[in-house]
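K.L.:
Chains as they are written, first to last, in my numbering: chain A, 1 to 364; chain B, 365 to 508; chain C, 509 to 684; chain D, 685 to 1053.
If you're looking for bench data, these hints aren't it; they were derived computationally from the structure.
Fair warning: this is a prediction, and the values are worked out from it, not measured in the lab.
Don't be surprised by glycine CBs; every beta carbon is placed ideally from N, CA and C.
There could be a bad hint or two in this list.
Here's a subset of chain B near chain A, in silico, CB distances under 10 Å, partners left out [stated by the list, open to error]: (1) Ser408; (2) Asp413; (3) Phe425; (4) Asp456; (5) Glu459.
Not close to chain D: a few residues of chain C, all C-beta gaps over 12 Å, as computed [claimed, not checked]: (6) Thr514; (7) Trp529; (8) Phe555; (9) Gly606; (10) Ile629; (11) Pro632; (12) Cys634; (13) Ala640; (14) Lys647.
DEER-style ranges, computed between Cβ atoms [unchecked claim]: (15) Ser657(C) - Trp1024(D): 24 to 32 Å; (16) Asp181(A) - Val1003(D): 19 to 27 Å; (17) Val341(A) - Ala1025(D): 20 to 28 Å; (18) Val341(A) - Asp612(C): 38 to 46 Å; (19) Ala1025(D) - Thr5(A): 23 to 31 Å; (20) Thr194(A) - Asn482(B): 42 to 50 Å; (21) Cys716(D) - Glu593(C): 29 to 37 Å; (22) Asp181(A) - His972(D): 23 to 31 Å; (23) Val277(A) - Ile469(B): 52 to 60 Å; (24) Gly222(A) - Ile785(D): 51 to 59 Å; (25) Trp1006(D) - Asp162(A): 46 to 54 Å; (26) Thr858(D) - Lys654(C): 54 to 62 Å.
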Amino acid sequence: MTTATTLKLNLGPQHPSTHGVLRLILELDGEKILSCEPDIGYLHRGMEKMAEGLTYIQYLPTVDRIDYLAGCFYSELLCRTVEQALGAELSEKVKIIRVTLLELNRIASHLLWVGAFLMDLGALSPFFYAMREREMILRYFEKLTGQRMMYNYFVFGGVRKDIDYLEDIEEIINVLTKKIDDYEKIITDNPIFTARTIGKGILEPELAFNNSITGVNLRASGINYDLRKTDRLYEGFEFEPVILYEKDSWARYKARILELRESLKIVEQGISRLKAVGKLDQKLINPLTIKLPEGEYYSEIEAPRGLASIYIMSKGEDKPYRLKWRTGSYYAVNLLRRLLVGEYLNDAIAIAGSLDIILPEVDK
Amino acid sequence: MNIEDIKNIVSECDIEDNKICVKSRIYDVIKCLKNEYSFKILKSITAIDLGDEIELLYKLFSVEDEEEALLSIKVKAEAESVVDLFDSARADENEIYDMFGIQFIGNEDLKRLYMPENWEGFPLRKDYIQDDTRLAWNDDCNNA
Amino acid sequence: MGFFVTSIDWVLNNARANSLWPLTFATSCCGIEMMHTVASDNDIARFGSEVFRGSPRQADLLICAGTITHKMAPVLLRLYEQMAEPKYVIAMGACTCGGGMFCDNSYSVIKGIDKIIPVDIYLPQCPPKPEALIDAVRKLQQNIIKNESILKRKDFVNSHTSELMEKGELLVEAKL
Amino acid sequence: MNYLYHMYMEFLSKYQLPELFGNITFYIIPFCIIAIALLVVVLALVLAERKLLGWLTQRKGPNRVGFWGILQTLADAFKLLIKENITPSKSDKFLFNLAPILVFVPVMTVLGIIPYSSEFTFVNTSTNVILYLILVAFPILSIFLGGWASNNKYSLIGAVRGIAQVLSYEVPITFVVLSVVVLANSMNLTGITLAQYSRFGLLGWYFIPCVLGFVIMFICMLAELNRCPFDLPEAESELICGYNTEYSGMRFALFYLSEYALLFVNSVFISIMFLGGYLSPFGAYLSHLLLGDTYLASVLVYFEQAFWLILKASIIIFVIIWIRATLPRLASFDLLKFSWAYLLPLSIFNLFIMVIYKYLTGGALCGLS
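Bound-form chain A, shown alone (with noise of 0.2 Å):
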């Protein structure tokens, strides 16, 4: 006979709260948790791999699915990098509008991370307005891109096209702001979502630093890094970097709602400068012709769910050598293992809901 005191109980990989398909294996007494191992790959599809047989042109498209929320991100990161190897510079124009475009598409981002995180939680509304006010946005990139998620729009050295519509972008910011109001009353002060977020899951800098978490996540722990603020692309845009010093899945909360608002204040700044200047003027890299020189090349971003960067070594072929993505996620997921341990069974779930995970960006 057996005296095991501990449930093993394993947690997805289809489970409604892994945001995808995230395994994590808990060791459960009661319901404390005494240790978590995540078991991801449920979704690796081998992007570095298929970029060694692909032109540069023809992984362009696919990069877009390694953040399916920020797909903007991934495009930019690499275009940029090829700009860079090439020593193409961008006009000013294209500078703003790819800056409005990434703040727009951090906005649905993080609109879909609140909805889910309430979710978690069990809170039922908030999700159902979250994504009311997400499908504007992408409605919106739908219009100017011709797709609502995978928008294909930024090419080596420019935009796809010229940006219109601004008019819609002007609504969505009026209507957001007064909608994220609306969000912080139901939520912020809630006895219930206080109760379950305040002090839990608190993530100390230095744990944070071991476990090379960044973006939001490090912002709400006290620490001021932001990469938009050194970013070339974001230059003579004024905004605030997000610092909380709570460290725990509130101030991951509320640090998500700020820059909700700082974005917001991004991508007003870029609308008027947009009407500013005058007709789009790129010089576009033809796509066919693009060989790297040999050599390495690195670049990195703000991604909404922290530090995004790119790593490609080329031996001057018009594919690359070696192409690596570093993702936010993924060290998120790494944190699990230390941030689980010890606490209660659904503040596990609250807590790893409030890290942002997403799992295309893990697994790759």
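For chain A, the structure is supplied; the task is to place chains B, C and D on it using the hints.
P.N.:
This is chains B, C and D only, laid out in the frame that chain A set:
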């Protein structure tokens, strides 16, 4: 960051572009960088298959000085693990083990990560043949 | 006899068709569009399909939303087997229909879920819009109302599996 | 009930049917009425919940089956009936099959002791408040049985959560019910209803003196029903479906049915305890006011009483659904702490206050009754 300090640890060390190439004892170098120069974040470990050997790139980052350090080491089939120093290395090393088949000495729980347990071959190696004949349903076809 | 069967069929088929409870099974991009289909603007609840069940035992419809990889395939098969009859499958997205953009260059993506489980409705696009998913659900409903009968159900199920068996394409869980 | 019995017997004797036949059918017919009414109520409740949730989240809700979607839940019920019943091979098969039936029986029984109108109570014992408390706590045992017999870890965790939750929230309920019993001087549901009668209608109802008890009772009711924010035993985002994860088809339908039937029963009970049961909120009944002292009015008044009761229950149910659309779920530790640390002392305090109030005023606001 002072290159002399690193040279004290490993004598064979040279700088290409902005990359510090070492031949051995990567663990000690990274430990030194972490403890004495506050490189607290290991942004990523990248592996590149160069044909006969595999290059590992360690990208370290210091938040206080906003400074980056890029370390490179070329290995055959085994490498030193830095799991003791950085938790995040556990994920990176596991990924490299899965994709390139490199054993990290000191990392206890290396396992297939992205691929199923019984998968053969290491996909990101250059000699990996991408054929479907080993997959279950194609086996059936061949037998029939 | 025939009259009774048809009238019973009519009632049962309509009940089945109008109460397709989907399984929350979203692997990637298409899952987000599936969420949008539930959300306010598209509202799949109008067709009675908003009751997303977490447990496969209670679900009728497996909307396979997103890429299926070799590691995921046994899970998908098990989920399908855990579902209670009658069960239907919508292959949502190009990846599930035939590999999509990962068809030729990826080593780990399964080129179409019909190699693993029988599929009722194929819905390509990458990813399909919510309207397209609603359309797929409507098509499935019409299919159920028109073509199903309590007398034929067993053959219908068997034909799916035997066809795949003949081709030798049915993925056996133990083998991978 | 005696009045109805005599009328029924007279009706039978007209057609020369034996008395024995009457004695048997008199108790079977109401049971059938209850069973059918229960099904209708549950179907309506599920539809109402889906429609209301749709409305609260800016959607339309089901609207394709039948006019305005009213047949939607009927379609669901039919589908669940004809769906395959799976018994997992590693489950305890006997208990697994027993649990859905056991969960359903007490819910059906408890419907018999509710006074729908002054002449329509099937089982009228002098202490049916206690009977009610016992019967309503019973389904949790079957939930535990089902969760344990499924041999599924999620079911087990859900079931254990359910037991812990109901155990801790039963205690404050008992104290609140005790305070109402003290106020009404009766342990009979009809007695409690009648004790709330006053010329000024709703001013005599017990939610006015006993507002604290009303709130406690409402909160505990949410917990006992496993409704949001206390829906831990079937927390969708944590435990897939909680205790009924392994159930499919008809057996799942029984769980579903009893859940919503319990929702109805509990709302009715709280209306009886605090909102005057079948009493009219205006003091006098509308049918008496409109039709005077006629025979038609004396018949209609029974239906009117049932209508008031259902209306009060519906308002309670609406609030419950509204809460579901608004609040997140409590953490399991906070849930237990909330009951033992706050609700239990408060309910004892409430009982204390009510005893003093009763001693000082004699049960009602001065001179109201």
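K.L.:
Hint by hint, note whether the structure agrees.
P.N.:
Results for each hint:
1. Ser408: 4 Å, holds
2. Asp413: Because about 7 Å separates Asp413(B) from the closest Cβ in chain A, which is inside the 10 Å limit, the hint holds.
3. Phe425: 9 Å, holds
4. Asp456: Since chain A brings a Cβ to about 8 Å from Asp456(B), closer than 10 Å, the hint holds.
5. Glu459: Because about 8 Å separates Glu459(B) from the closest Cβ in chain A, which is inside the 10 Å limit, the hint holds.
6. Thr514: About 16 Å separates Thr514(C) from the closest Cβ of chain D, which puts it past 12 Å; holds.
7. Trp529: 8 Å, violated
8. Phe555: 5 Å, violated
9. Gly606: With a cut-off of 12 Å, Gly606(C) remains clear of chain D, as the shortest Cβ separation is near 30 Å.
10. Ile629: 18 Å, holds
11. Pro632: Since the minimum Cβ distance to chain D is about 26 Å, Pro632(C) lies beyond 12 Å and the statement holds.
12. Cys634: 27 Å, holds
13. Ala640: Fine: 18 Å to the nearest Cβ keeps Ala640(C) off the interface.
14. Lys647: 15 Å, holds
15. Ser657(C) - Trp1024(D): 24 to 32 Å: Once the Cβ atoms are compared, 57 Å apart, the range 24 to 32 Å for Trp1024(D) and Ser657(C) is violated.
16. Asp181(A) - Val1003(D): 19 to 27 Å: Once the Cβ atoms are compared, 26 Å apart, the range 19 to 27 Å for Val1003(D) and Asp181(A) holds.
17. Val341(A) - Ala1025(D): 20 to 28 Å: 27 Å, holds
18. Val341(A) - Asp612(C): 38 to 46 Å: 43 Å, holds
19. Ala1025(D) - Thr5(A): 23 to 31 Å: 28 Å, holds
20. Thr194(A) - Asn482(B): 42 to 50 Å: Roughly 47 Å apart at Cβ, these two residues keep to the hinted range, so it holds.
21. Cys716(D) - Glu593(C): 29 to 37 Å: 32 Å, holds
22. Asp181(A) - His972(D): 23 to 31 Å: 51 Å, violated
23. Val277(A) - Ile469(B): 52 to 60 Å: At roughly 57 Å between Cβ atoms, Ile469(B) and Val277(A) fall inside 52 to 60 Å, so the hint holds.
24. Gly222(A) - Ile785(D): 51 to 59 Å: Since Gly222(A) and Ile785(D) have Cβ atoms about 57 Å apart, the given range 51 to 59 Å holds.
25. Trp1006(D) - Asp162(A): 46 to 54 Å: 48 Å, holds
26. Thr858(D) - Lys654(C): 54 to 62 Å: Holds, at about 57 Å.
The structure fails hints 7, 8, 15 and 22 (numbered hints given earlier, in ascending order).
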